[in-house]
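Asker: Letter by letter, the chains look like this.
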Amino acid sequence: MTALKTSFPLNAWYAAAYDVEVKHELLARTICKQKMVMFRQSDGTVAMLEDACWHRLLPLSMGRLEGDEVVCGYHGLVYNAQGRCTHMPSQETLNPSACVRSYPVVEKHRFVWVWPGDPAKADPALVPDMHWNDDPAWAGDGKMITVKCDYRLVVDNLMDLTHETFVHGSSIGQRAVAEAPFVATHGNRKATVTRWMENIDAPPFWAGQIKQARGYEGKVDRWQIIQFEAPCTVVIDVGVAQAGTGAVPPGGNQGDARLSERSHGVNGQVLNTITPATDNTCHYFWAFARNYSLGEQRLTHQLREGVASIFREDEHVLEAQQIAMEEHPEHQFYNLNIDAGSMWARKLIDKLVAAEQPAAKIIPIRQAA
Amino acid sequence: MTALKTSFPLNAWYAAAYDVEVKHELLARTICKQKMVMFRQSDGTVAMLEDACWHRLLPLSMGRLEGDEVVCGYHGLVYNAQGRCTHMPSQETLNPSACVRSYPVVEKHRFVWVWPGDPAKADPALVPDMHWNDDPAWAGDGKMITVKCDYRLVVDNLMDLTHETFVHGSSIGQRAVAEAPFVATHGNRKATVTRWMENIDAPPFWAGQIKQARGYEGKVDRWQIIQFEAPCTVVIDVGVAQAGTGAVPPGGNQGDARLSERSHGVNGQVLNTITPATDNTCHYFWAFARNYSLGEQRLTHQLREGVASIFREDEHVLEAQQIAMEEHPEHQFYNLNIDAGSMWARKLIDKLVAAEQPAAKIIPIRQAA
Amino acid sequence: MTALKTSFPLNAWYAAAYDVEVKHELLARTICKQKMVMFRQSDGTVAMLEDACWHRLLPLSMGRLEGDEVVCGYHGLVYNAQGRCTHMPSQETLNPSACVRSYPVVEKHRFVWVWPGDPAKADPALVPDMHWNDDPAWAGDGKMITVKCDYRLVVDNLMDLTHETFVHGSSIGQRAVAEAPFVATHGNRKATVTRWMENIDAPPFWAGQIKQARGYEGKVDRWQIIQFEAPCTVVIDVGVAQAGTGAVPPGGNQGDARLSERSHGVNGQVLNTITPATDNTCHYFWAFARNYSLGEQRLTHQLREGVASIFREDEHVLEAQQIAMEEHPEHQFYNLNIDAGSMWARKLIDKLVAAEQPAAKIIPIRQAA
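Just so you know, the protein sequences line up as chains X, P and L, in that order. Start counting at 1 in the first sequence, then tack on 10, and there's your number in the working numbering. Start counting at 1 in the second sequence, then tack on 10, and there's your number in the working numbering. Start counting at 1 in the third sequence, then tack on 10, and there's your number in the working numbering.
Please note that a few of the clues may not be correct.
Partner residues are not named here, just some residues of chain L that face chain P (Cβ under 8 Å, in silico) [claimed, not checked]:
id, residue
1, Met154
2, Ile155
3, Phe176
4, Ser181
5, Ala186
6, Val327
7, Glu329
Residues from chain P that keep clear of chain X, each with C-beta distances beyond 12 Å, as calculated [to be verified]:
id, residue
8, Leu104
9, Ser112
10, Pro134
11, Glu189
12, Ala190
13, Gly218
14, Ile235
15, Met335
16, Asn347
Think of the hints as simulated: they come from the structure by calculation, not from any bench. Think of the CB as a built atom: it goes at the ideal place given N, C-alpha and C, for glycine as much as any other residue.
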């Protein structure tokens with residue numbers, strides 16, 4: 011873990027809002043240190059503009075919509091969804107420079123994604139895979155919370171679930187998590203941490219789920235497969251199955267066949283994507299999707315609130331950590347074995363950030379003759 | 011509009027308080043980044059001192075009055091109205107340097123004015139004309155609010171009433187204001203913006219006034235004559251009259267005769283003077299005086315509260331603008347036609363500020379021989 | 011009085027807590043800009059550790075105790091009372107550098123004292139004498155308040171009781187204090203201010219005490235003997251006795267015999283020790299012990315709350331003074347006669363601070379040949 015510095019790439023898709031948050035109304039949000047205002051247009055698509063009037067900088071979000079155009083709340087300049095000024099008060103001629111920035115937007119898997127960097131690079135195919143969030147084979151829901159910490163601290167938190175034992179002891183934590191071995195691997199843009207716990211007592215949360223959904227009480231196999239995608243998305247495949255029913259990794263071979271053989275268990279996907287707001291705040295979007303008891307809306311509600319409680323415990327820890335890090339700007343951090351996953355995540359983030367830095371000038375060095 | 015910088019002249023009269031605020035009690039207020047304490051003396055005049063004891067800097071406003079002297083609330087040093095220390099605890103001899111600054115004060119037109127600069131230049135004749143505030147031919151009242159913005163943003167706001175259409179749509183705003191042509195002129199210390207709107211529907215506020223005072227319903231001529239006096243006073247002559255009764259400018263000639271021919275209308279003077287407190291806060295003193303229904307105290311009360319509501323809408327916009335400007339310190343502002351008045355106001359302010367800067371050393375430039 | 015700068019020695023005992031505050035629980039407190047966490051061990055002694063986990067800096071005070079060891083609330087690292095890490099999650103080998111700082115602690119006279127500097131110099135004999143706080147010949151109690159000011163402003167306040175007249179006029183203040191002569195003396199680490207007021211009316215507080223305890227009403231002799239011990243402890247011997255009964259200094263000779271001849275009076279010890287928290291906040295520990303009506307618990311309660319009210323008046327003044335000093339960083343302070351005691355206190359503090367500075371390099375100066 012390196013010391014704190016501003017470090018997020020701009021050329022990436024970031025979740026800006028949950029789909030239901032964006033209506034035919036002005037909604038302000040700060041993404042990657044940029045103030046943005048978004049609204050849903052008549053055709054259903056979302057427009058995202060810089061939230062500062064070209065004229066006197068008043069946030070456009072303090073104005074109002076007129077059709078699919080934004081009217082500034084101070085002097086009435088009007089902007090279309092592309093950010094171009096289409097009307098100025100008391101004058102016929104429009105200053106050709108009069109526009110605000112407009113951002114590429116994609117709506118996918120229940121999130122509105124924005125690309126704060128170079129629009130030419132905004133390829134929709136790069137949106138992270140969160141398909142469980144609107145896949146009919148899965149049911150679930152989520153929330154967004156704004157956390158007062160560097161978004162990377164949330165990533166660290168998710169990449170090492172050892173903390174469940176100490177932070178979430180009353181729900182999903184258990185000694186087994188802190189003690190079980192895990193495997194960390196990585197690719198070019200992804201890093202994975204896999205932990206299997208065989209033939210253990212289920213923690214309170216999972217014991218309740220498997221009893222309710224499968225009528226099973228007894229020892230379970232438990233898994234956590236954490237997959238990070240740079241810069242800030244973490245999908246965690248979690249669950250428990252009746253001990254010895256096949257959810258256990260067969261001799262280390264983690265093939266697709268095995269992963270799909272979970273019919274005696276309960277399986278969830280914890281979907282997380284964490285958008286930097288400023289250097290020390292972030293918007294943390296999450297959802298919990300399950301592949302059992304799909305029709306039970308009561309369970310969806312209960313799980314959403316339950317996970318929200320768990321994340322509030324994390325929030326408390328993360329905000330304290332942020333304060334402590336700001337108080338120790340020179341602190342040299344040491345890594346433990348459990349930090350393997352977050353170390354890889356950090357490296358992949360750093361690589362993206364470095365790729366956006368201007369190339370350093372290379373000054374040829376000649377030895378004195 | 012230039013980027014934000016500290017910029018108010020010190021050699022000017024600034025409203026420090028409404029007359030009724032100043033009693034035989036210590037009242038603290040920050041004016042032009044200087045903490046001051048004021049009180050009304052036995053003879054009715056107001057004394058204004060630096061609000062920091064010479065000895066240990068405790069605000070004198072935390073002490074108490076003894077006659078017309080201030081006793082510090084920590085160690086009991088006593089200061090007279092000229093700021094000279096007249097008593098020290100446990101010692102007979104007074105340190106000759108023991109004094110706090112005292113400021114020139116004038117009370118006029120219901121305001122207590124202070125001169126934060128060179129006392130030798132404090133000419134009472136320079137107090138801005140706000141006579142409507144205690145002229146028996148006019149009735150009215152006002153308030154003071156402390157706004158979290160550079161005082162010049164309030165001046166900008168008042169110099170362009172286009173914003174009424176967008177900020178005050180439910181009371182005095184109407185499309186006609188944003189669309190009507192206006193004329194901006196300026197002198198050495200004053201700048202004027204004049205806008206006439208002929209034969210229009212009155213906005214809600216004025217429709218009510220003219221109906222109540224004159225029993226008139228129908229088309230009106232409406233005027234706004236904004237007069238700025240540097241550095242921070244803006245008097246706005248506003249009103250409506252029965253359409254075509256003479257309140258209209260006769261061929262561009264804005265002589266006294268025409269201006270006084272308003273017997274079929276209702277006329278108000280919006281009196282504004284905005285005192286810088288710090289670089290990003292100001293004390294905004296205003297009053298609304300009218301020349302109709304003079305004896306109706308209920309109307310005075312109603313108008314004061316009505317105008318207060320309108321100014322709260324401005325306050326919301328101005329504070330947001332201040333924050334946005336601080337977030338964009340390098341922003342290059344463009345001006346629209348509607349900014350003509352505030353541009354002149356800014357130039358007149360800048361001239362006063364520049365006049366107080368130490369003269370730059372002139373280094374003779376010699377061309378190489 | 012010099013301008014504000016960080017200035018407290020690290021090699022000194024500072025009160026960290028009242029004895030009763032420290033239980034078998036984690037208690038966080040900032041001392042001399044260092045965040046510490048303390049807890050009482052099974053054997054009754056107090057352990058004091060740096061309040062930041064070696065791994066990710068989470069405050070250890072957010073974790074929990076397991077026996078006499080602290081478990082971090084994030085990843086479960088365990089530290090013993092010496093600050094050494096004894097357990098890490100998911101690994102057998104402990105990183106040898108894994109420890110947090112542990113501080114020398116002494117518990118004496120009802121306070122838990124910590125030494126933030128070099129542990130090798132932490133001599134328990136240097137703990138300031140506050141024995142009245144647990145001496146059976148005295149009864150009393152006290153409190154701790156965190157004040158938003160440089161701890162030296164509290165010292166200044168206590169070294170000159172002239173302020174009682176102006177700040178505490180309704181209880182212990184009276185003109186006599188501001189007018190009475192006083193004597194200031196000093197030694198190597200201590201400074202003393204002695205003030206005798208003979209044959210005066212007692213102020214409200216003391217009039218009540220002597221009437222209740224001794225049944226006496228009438229003129230009194232009053233004394234205040236303020237003793238400062240660097241860097242931040244002030245013990246004030248205060249009281250009144252029946253006028254002329256021997257509490258008066260016999261011809262300037264302040265021998266022990268006289269001081270103990272107070273049988274016709276009431277005597278209190280105001281115990282104060284002020285621990286710097288940051289540059290502009292401090293923890294002010296105080297107690298009031300008396301040598302009369304020892305068994306009356308009601309009086310102990312009443313006096314503790316009464317003194318607390320008096321100190322709240324000081325708190326208000328001190329915080330305002332701190333703000334004013336920060337606003338005037340360049341202010342040159344002048345001293346009055348009454349500042350003699352605090353001037354000596356400041357000199358003794360400065361001497362301790364200077365002794366901890368690295369010796370300046372001495373660069374030999376050679377005159378040009």
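Asker: Against the structure shown, which of the earlier numbered hints fail to hold, in ascending order?
Answerer: 1, 2, 4, 5, 7, 11, 12, 15 and 16
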